[in-house]
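Undergrad: Using the sequences provided together with the hints, build the complete structure.
Protein chains: 2
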Amino acid sequence: MSLVVELLSTGDELLTGQVVDTNSTWLMDRLWDLGIMVRRKTLVGDDRDDLAAAVREACGRADAVVMSGGMGPTEDDLTAEVVAGVLGVPLELDEPSLRAVEARFAWMGRVMTPNNVKQARFPRGAVVHPNRFGTAPGFSVAVGRATLTCLPGVPVEFKGLCEEAVLPRLAARLDGAPAARVLKLFGVGESHADQAMRPVMDDPANRGVRFGYRAHFPEVHLKWSVTGPGAEARAAAIEASVRAIFGAAVWGSGKEELAALVVARLTARGERVALAESCTGGLVASLVTAVAGASAALDLGVVAYSNDVKARLLSVPEPLLLAHGAVSEPVARAMAEGARRAAGAAWGLGVTGIAGPTGGTPEKPVGTVHLALAGPGGTEALARHYRGDRERVRRFAAYEALDLLRRALG
Amino acid sequence: MSLVVELLSTGDELLTGQVVDTNSTWLMDRLWDLGIMVRRKTLVGDDRDDLAAAVREACGRADAVVMSGGMGPTEDDLTAEVVAGVLGVPLELDEPSLRAVEARFAWMGRVMTPNNVKQARFPRGAVVHPNRFGTAPGFSVAVGRATLTCLPGVPVEFKGLCEEAVLPRLAARLDGAPAARVLKLFGVGESHADQAMRPVMDDPANRGVRFGYRAHFPEVHLKWSVTGPGAEARAAAIEASVRAIFGAAVWGSGKEELAALVVARLTARGERVALAESCTGGLVASLVTAVAGASAALDLGVVAYSNDVKARLLSVPEPLLLAHGAVSEPVARAMAEGARRAAGAAWGLGVTGIAGPTGGTPEKPVGTVHLALAGPGGTEALARHYRGDRERVRRFAAYEALDLLRRALG
Chain Y
22 MSLVVELLST GDELLTGQVV DTNSTWLMDR LWDLGIMVRR KTLVGDDRDD
72 LAAAVREACG RADAVVMSGG MGPTEDDLTA EVVAGVLGVP LELDEPSLRA
122 VEARFAWMGR VMTPNNVKQA RFPRGAVVHP NRFGTAPGFS VAVGRATLTC
172 LPGVPVEFKG LCEEAVLPRL AARLDGAPAA RVLKLFGVGE SHADQAMRPV
222 MDDPANRGVR FGYRAHFPEV HLKWSVTGPG AEARAAAIEA SVRAIFGAAV
272 WGSGKEELAA LVVARLTARG ERVALAESCT GGLVASLVTA VAGASAALDL
322 GVVAYSNDVK ARLLSVPEPL LLAHGAVSEP VARAMAEGAR RAAGAAWGLG
372 VTGIAGPTGG TPEKPVGTVH LALAGPGGTE ALARHYRGDR ERVRRFAAYE
422 ALDLLRRALG
Chain L
22 MSLVVELLST GDELLTGQVV DTNSTWLMDR LWDLGIMVRR KTLVGDDRDD
72 LAAAVREACG RADAVVMSGG MGPTEDDLTA EVVAGVLGVP LELDEPSLRA
122 VEARFAWMGR VMTPNNVKQA RFPRGAVVHP NRFGTAPGFS VAVGRATLTC
172 LPGVPVEFKG LCEEAVLPRL AARLDGAPAA RVLKLFGVGE SHADQAMRPV
222 MDDPANRGVR FGYRAHFPEV HLKWSVTGPG AEARAAAIEA SVRAIFGAAV
272 WGSGKEELAA LVVARLTARG ERVALAESCT GGLVASLVTA VAGASAALDL
322 GVVAYSNDVK ARLLSVPEPL LLAHGAVSEP VARAMAEGAR RAAGAAWGLG
372 VTGIAGPTGG TPEKPVGTVH LALAGPGGTE ALARHYRGDR ERVRRFAAYE
422 ALDLLRRALG
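Chains as they are written, first to last, in our numbering: chain Y, 22 to 431; chain L, 22 to 431.
Watch out, some of these pointers could steer you wrong.
It does not matter which identical chain is meant; a pair holds if it fits inside one copy or across any two.
[To be verified] Here are the simulated SDA-like cross-link-like pairs (lysine to any residue), alpha carbons at most 20 Å apart as the crow flies: (1) Lys-276 - Glu-350; (2) Lys-180 - Val-40; (3) Lys-276 - Pro-176; (4) Lys-180 - Val-41; (5) Lys-276 - His-213; (6) Lys-276 - Glu-384.
Bear in mind the hints are in silico, worked out from the structure with no lab data behind them.
TA: Here it is in structure tokens:
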């Protein structure tokens with residue numbers, strides 16, 4: 022069967038622009054993997070009447086409603102009380118939950134104030150979802166023909182309880198386990214990807230498959246979800262077609278991250294990369310070192326914003342800088358080679374370009390970037406002309422540098 | 022008068038977790054500046070019935086509804102058609118809009134396909150909002166007692182049209198212009214800030230003032246909005262109190278950014294900073310170079326992940342590394358001084374620490390960070406113990422480094 026699912030989030034902080042409701046986006050993505058597109062999402066503040074109306078309306082339309090927030094100990098936390106009111110049932114103390122809340126406070130070495138008892142009270146008839154990620158348990162209860170599940174809004178708790186209590190139950194209500202895949206591309210634009218995917222999406226063999234993409238600038242992630250008999254085999258066949266279409270532009274799948282992949286490949290080979298960055302200004306280094314264990318794969322990065330630093334620290338010959346300018350293929354090559362030599366590393370990456378908003382010329386407009394990779398087999402170079410603002414140009418160039426290394430590492 | 026405002030966003034991509042609805046968060050923040058807390062926000066897909074129901078419901082509850090998305094040329098773009106259906110009026114071609122769409126295509130050097138005419142058709146009676154940020158104009162129309170404004174979902178167009186057409190009209194419906202302020206803090210936690218603000222928030226003189234904060238990790242932004250007579254003076258008085266409470270932890274206000282502030286101050290003084298980063302791994306450099314014009318304030322950053330690089334490129338004495346370990350105050354000082362010397366800069370920043378998840382010891386647990394700033398008057402050092410994962414520790418340390426320099430620049 023197909024399920025109508027709605028999401029409901031509560032919290033004044035979500036309506037003032039103070040906090041972004043990332044829980045919903047995350048859950049929508051996870052539900053999509055099950056083949057479910059959320060029908061409606063509603064955000065309301067910590068107001069009794071608004072909340073009650075929103076709960077009634079959502080439960081009147083949907084098979085399942087997942088609600089986030091309002092489960093804490095303060096006066097603003099109204100969820101359990103409002104749901105009990107909608108159902109016309111009392112709140113009841115759940116002893117195991119009370120003991121769990123008490124244990125949590127003991128573990129944190131804090132005194133439990135009386136208002137925390139509130140977190141162990143649920144509408145009569147509710148199924149309680151113990152919370153091993155935080156203090157407040159969640160609960161599910163039938164409201165009309167809908168199942169309403171209420172969870173705390175703290176992202177790690179919300180996500181943990183969704184994985185444990187919500188997604189498996191929804192999956193069980195669907196016909197067969199859906200098979201969902203994500204392939205991650207670099208170097209292919211969204212509209213190009215969309216066009217190239219048409220034959221796969223329009224293939225009668227793939228009728229009923231949900232295709233989608235996730236813009237994760239500057240990457241493009243393609244995803245599809247298949248339900249029904251033979252779902253795994255059908256999803257795998259689509260993966261083969263997509264890989265055939267995009268070739269080496271597909272760098273990974275599932276939860277893989279480009280920088281982590283590069284670090285893992287370098288570490289497995291016992292090799293390191295040294296970085297020489299001009300226009301990306303430390304962004305490549307920052308992406309690589311964000312990966313836990315990056316120190317095995319990188320020990321040197323140089324941000325060389327001036328000709329002087331390029332010449333002194335990276336041994337870029339001054340005549341090269343004068344003849345070609347700092348933004349040029351020869352300088353990118355010399356930077357990559359200089360970084361490689363300075364660190365005694367197997368690989369050296371050089372990036373030089375014009376990120377903007379100023380500094381462009383008719384010959385070298387803003388967005389012009391030269392990249393080079395020096396390695397055991399010599400040095401290769403790439404020239405790119407990115408469109409967009411400083412932030413986009415820098416981000417594009419940084420991922421291009423990682424992708425250049427990824428391709429070389431095979 | 023106080024206005025009930027609801028937001029409505031449409032687009033399947035918003036319900037699949039593919040795209041985050043940043044437009045709403047942005048508009049909520051801007052409305053809050055006017056003293057308006059949005060009452061409800063609804064997200065629905067590109068479905069005629071769902072959309073019509075959501076429009077009817079929102080317009081039945083609110084004084085003003087701002088809707089985003091569904092204004093483009095494709096079949097999925099249903100907004101104008103659905104609104105016309107709700108009102109029972111026809112769509113009518115707006116000649117000036119058609120000419121504007123044509124001009125836009127001519128300017129982009131692209132052929133206008135017939136489906137683009139759709140973007141110039143609006144429900145009879147609508148006021149059209151010309152769009153100088155993109156192709157599709159917006160429109161406002163009365164639906165019952167509510168004013169419904171429909172805008173394109175592309176963020177730059179949505180925001181531009183909100184600033185031009187939505188916010189001034191809403192402000193005009195309020196009693197007097199509200200005065201809104203934002204002060205930006207570093208080095209004060211959210212819960213501490215909340216506690217320290219209590220006396221100001223509870224002050225009877227500030228009755229009716231809306232206080233809020235925006236978590237912008239690792240910064241905290243405090244904001245307040247005052248309406249009614251003497252709003253500007255009252256807002257200014259609150260600012261004075263807040264500045265007195267938090268002192269030098271307040272680094273800026275309004276739309277200021279910490280890295281941009283540091284770059285501006287260095288540039289004004291004709292000085293530069295050189296960076297020596299270990300645990301932050303290029304994050305400080307990346308924040309600084311994200312600022313347009315950063316090349317006037319920075320020409321060298323070194324990511325020194327190994328002792329060898331610290332010794333060779335930053336001249337950190339090997340005995341110091343052996344005696345104290347790489348994560349120590351003496352090494353942070355030597356890194357800052359080494360970077361300053363290598364670049365011939367007025368300032369040198371050094372950061373060394375244990376970002377985790379591994380590498381901690383009982384004496385130096387994960388989160389231990391030493392920072393140093395070398396300057397014309399000598400070198401100062403800071404030790405910090407941050408809590409959280411690798412991402413948090415790195416981010417905290419990078420902002421701490423910028424803040425250390427900000428304080429020194431006065």
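Undergrad: None of the hints should be skipped; say for each whether it holds.
TA: Each hint, compared with the structure:
no., hint, verdict
1, Lys-276 - Glu-350, "neither (34 Å within a copy, 38 Å between copies)"
2, Lys-180 - Val-40, "both (17 Å within a copy, 18 Å between copies)"
3, Lys-276 - Pro-176, "within (18 Å within a copy, 27 Å between copies)"
4, Lys-180 - Val-41, "both (15 Å within a copy, 17 Å between copies)"
5, Lys-276 - His-213, "neither (23 Å within a copy, 36 Å between copies)"
6, Lys-276 - Glu-384, "neither (40 Å within a copy, 35 Å between copies)"
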